[in-house]
Amino acid sequence: MTQVAFELANEAATLALGQALAANVSAPLVIHLHGDLGAGKTTLTRGIIQALGHVGAVKSPTYALVEPYQLQDMQIYHFDLYRLMDPEELEFMGIRDYFANNTLALIEWPERGHGLLPDPDLVIEIQYQGEGRQAVITGQTDAGINLVNKIK
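In the working numbering, the protein residues as written are 1 to 152.
Since the hints were made in silico from the structure, they are not lab data. Mixed in with the good hints there might be a few duds.
The following label-pair restraints were derived from C-beta to C-beta distances [stated by the list, open to error]:
id : residue 1 : residue 2 : range
1  : Met1      : Tyr128    : 33 to 39 Å
2  : Ser60     : Glu91     : 20 to 26 Å
3  : Gly94     : Glu7      : 38 to 44 Å
4  : Ser60     : Ser26     : 33 to 39 Å
5  : Arg83     : Ala12     : 16 to 22 Å
6  : His54     : Asp86     : 29 to 35 Å
7  : Ala12     : Phe92     : 20 to 26 Å
8  : Asp119    : Met93     : 17 to 23 Å
9  : Ile151    : Asp86     : 17 to 23 Å
10 : Asn146    : Ala5      : 26 to 32 Å
11 : Arg96     : Gln129    : 16 to 22 Å
12 : Ala23     : Ala100    : 20 to 26 Å
Computed from a predicted structure; not experimentally measured. The C-beta atom is built at its ideal place from N, Cα and C for all residues, glycine as well.
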């Protein structure tokens, strides 16, 4: 495992971190995002998705559970499992079909899908720190470790 921490003073800093991650992302990749409500998980995700070329809004898929984004050479799935009552619900939506070789999966609240989600390449923990935030990024596979080493 390789880890790096970033101090995020504001929303712009969170978006910039997303842009830095996007500049080094290659599919397939699974990212688990942890943090309290309002910590910045969706903001970071928006920074990644827009930097990869999506034009338009990136909203939290809290009620839909997943929001797809088709880019030229990559399929992105943004999951928000906050409202998931039972991990088995993921089976009913065909969760395994979302993870392919050309896929970037960004998963908020992954602990709610425990046992049915693939292991993450990258884990991002965003915590409140005074008026700002701290993001701790941990690479857990070769792909995740390579990405962390590129953004250090």
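Evaluation of the provided hints:
Taking 33 to 39 Å as the suggested C-beta distance range, the pair methionine 1 and tyrosine 128 does not conform, at roughly 24 Å. For the pair serine 60 and glutamate 91, the beta carbons lie near 23 Å from each other, so the given range of 20 to 26 Å is met. Roughly 39 Å separates the CB atoms of glycine 94 and glutamate 7, a value that falls within the hinted 38 to 44 Å. A hinted range of 33 to 39 Å for the beta carbons of serine 60 and serine 26 is inconsistent with their spacing of about 25 Å.
In this structure the supplied range 16 to 22 Å is violated for arginine 83 paired with alanine 12, their Cβ-Cβ distance being about 29 Å. Checking the proposed 29 to 35 Å range against histidine 54 and aspartate 86 shows it holds: the Cβ atoms sit about 31 Å from each other. Take alanine 12 and phenylalanine 92: their Cβ atoms lie about 39 Å apart, and the range 20 to 26 Å is violated. Between aspartate 119 and methionine 93 the CB atoms are about 19 Å apart, so this pair conforms to the stated range of 17 to 23 Å.
Take isoleucine 151 and aspartate 86: their Cβ atoms lie about 35 Å apart, and the range 17 to 23 Å is violated. As the Cβ distance of asparagine 146 to alanine 5 is approximately 18 Å, the hint placing it in 26 to 32 Å is violated. Look at arginine 96 against glutamine 129: about 36 Å separates their beta carbons, and that is not inside 16 to 22 Å. For alanine 23 paired with alanine 100, a C-beta distance near 22 Å keeps the hint of 20 to 26 Å intact.
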